[in-house]
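**Q** Sequence:
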Amino acid sequence: MSCPICYSGRYKLDGKLSNRKQRYKCKECGKRFCETTSEFFHRNRIPKEVLSVAILFHLFIPARIVQLFLFFFFRCTISKETICFWSSKFLEQMPEIKREIKDGKLKIRHTDEKFIKIGKELAYWVNTVDHQGRLLTSSILESKDKSSIKEHMGKHKQSEKNMDIHVTDKNPSYIKTANKFGRKCIHHTAGLKEKLLSTKNLFLFLSNLPVERLHSKIDAYINLKVRGSFTNIESAERLRKAFTLTDYLLETFALHGSLGTYPTTDNWKNPTGEFLF
Numbered sequence: 001m002s003c004p005i006c007y008s009g010r011y012k013l014d015g016k017l018s019n020r021k022q023r024y025k026c027k028e029c030g031k032r033f034c035e036t037t038s039e040f041f042h043r044n045r046i047p048k049e050v051l052s053v054a055i056l057f058h059l060f061i062p063a064r065i066v067q068l069f070l071f072f073f074f075r076c077t078i079s080k081e082t083i084c085f086w087s088s089k090f091l092e093q094m095p096e097i098k099r100e101i102k103d104g105k106l107k108i109r110h111t112d113e114k115f116i117k118i119g120k121e122l123a124y125w126v127n128t129v130d131h132q133g134r135l136l137t138s139s140i141l142e143s144k145d146k147s148s149i150k151e152h153m154g155k156h157k158q159s160e161k162n163m164d165i166h167v168t169d170k171n172p173s174y175i176k177t178a179n180k181f182g183r184k185c186i187h188h189t190a191g192l193k194e195k196l197l198s199t200k201n202l203f204l205f206l207s208n209l210p211v212e213r214l215h216s217k218i219d220a221y222i223n224l225k226v227r228g229s230f231t232n233i234e235s236a237e238r239l240r241k242a243f244t245l246t247d248y249l250l251e252t253f254a255l256h257g258s259l260g261t262y263p264t265t266d267n268w269k270n271p272t273g274e275f276l277f
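Numbers 1 to 277, taken from our numbering, label the letters of the sequence shown in order.
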């Protein structure tokens, strides 16, 4: 259990309510809460099972279609605003998903960015994938200068500390941060067309097509979920997390024939913990 305000795990007992529920006081922020307010679904008037299904389906389809689905199958009426509220709350508290890295002897990574519109400003959705096009790390950046790209590559370094070949375009920011993964990492610039990479032990034709294929999936997902542009960078971050989760669930379904362990209330009790799937 953690504080619902600052998500700290340091708290002390603070008496009981009239209904005999235990009260707590956070040692970090000083806020008081009881054993029910620390849950993800506190203060809800809708059954938890219905909300769980609504959040799961809202990852793949718009809220208006989820609303019709809930009405025909559960005979309950939930507004689109409620569905969007609980989905946003879930995505805001969801930590980053760490994908399982499956490689042979040679680790090849592809990194590229795509433009997105936040209000009237342009931003960048940066993705790093493996040679099969599996999404490993993604970030929303306001610019693509050296410091921003370095921040994204540092985020990717938390999942894997080294790589053999890093394929990017001719953006100077990628070239300046090429030494992020050590001296043995080979930086290769290529676009949609394959270019020859020739070293002492390697002779490969590589392109940046795997990450471009992922960008086409992202464009389709944005057109499905967003009308026009994002309102702010927080909404763009929520959609980025939603796409990462749907991409992971679809890959799991394709490999195992099921979605595995889908989100439950136990996954949402501690937003700072590791996301369990």
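Be aware that one or more of the hints could be misleading.
Here are the simulated DSBU-like pairs of lysine-lysine, each with C-alpha atoms no more than 35 Å apart in a straight line [claimed, not checked]: (1) 225 with 184; (2) 48 with 107; (3) 107 with 80; (4) 98 with 12; (5) 146 with 180; (6) 105 with 217; (7) 150 with 161; (8) 16 with 98; (9) 114 with 161; (10) 150 with 80; (11) 80 with 105; (12) 89 with 105; (13) 150 with 225; (14) 176 with 120; (15) 117 with 98.
Think of the hints as simulated: they come from the structure by calculation, not from any bench. Fair warning: this is a prediction, and the values are worked out from it, not measured in the lab.
**Q** Straight-line Cα separation of residue 114 and residue 161 no greater than 35 Å?
**A** holds (25 Å)
**Q** Decide if the proposed pair is consistent with the structure: residue 80 and residue 105, CA atoms, cutoff 35 Å inclusive.
**A** Not satisfied, since the Cα-Cα distance of roughly 48 Å exceeds 35 Å.
**Q** For the pair we were handed, residue 150 and residue 80, check the Cα-Cα distance against 35 Å.
**A** violated (39 Å)
**Q** Does residue 150 pair with residue 161 here, judged by a C-alpha cut-off of 35 Å?
**A** holds (14 Å)
**Q** Compare the distance between the alpha carbons of residue 98 and residue 12 with 35 Å, and conclude whether the hinted pair is satisfied.
**A** holds (33 Å)
**Q** For the pair supplied as a hint, residue 176 and residue 120, confirm whether the alpha-carbon distance does not exceed 35 Å.
**A** holds (29 Å)
**Q** Could you grab the alpha-carbon distance between residue 150 and residue 225 and see if it respects the 35 Å cut-off?
**A** holds (29 Å)
**Q** Given the hinted pair residue 16 and residue 98, is their alpha-carbon gap at most 35 Å?
**A** At roughly 39 Å apart (the allowed maximum being 35 Å), residue 98 and residue 16 break the hint.
**Q** Next pair to validate is residue 48 with residue 107; report whether the Cα-Cα distance is within 35 Å.
**A** violated (43 Å)
**Q** Are residue 89 and residue 105 close enough, with their CA atoms no more than 35 Å apart?
**A** violated (41 Å)
**Q** Are the Cα positions of residue 107 and residue 80 separated by 35 Å at most?
**A** Not OK: residue 107 and residue 80 at ~44 Å, beyond 35 Å, violated.
**Q** Would the hint linking residue 225 and residue 184 be met if the CA-CA limit is 35 Å?
**A** Violated, at about 41 Å.
When each numbered hint is compared with the structure, violations occur for hints 1, 2, 3, 8, 10, 11 and 12.
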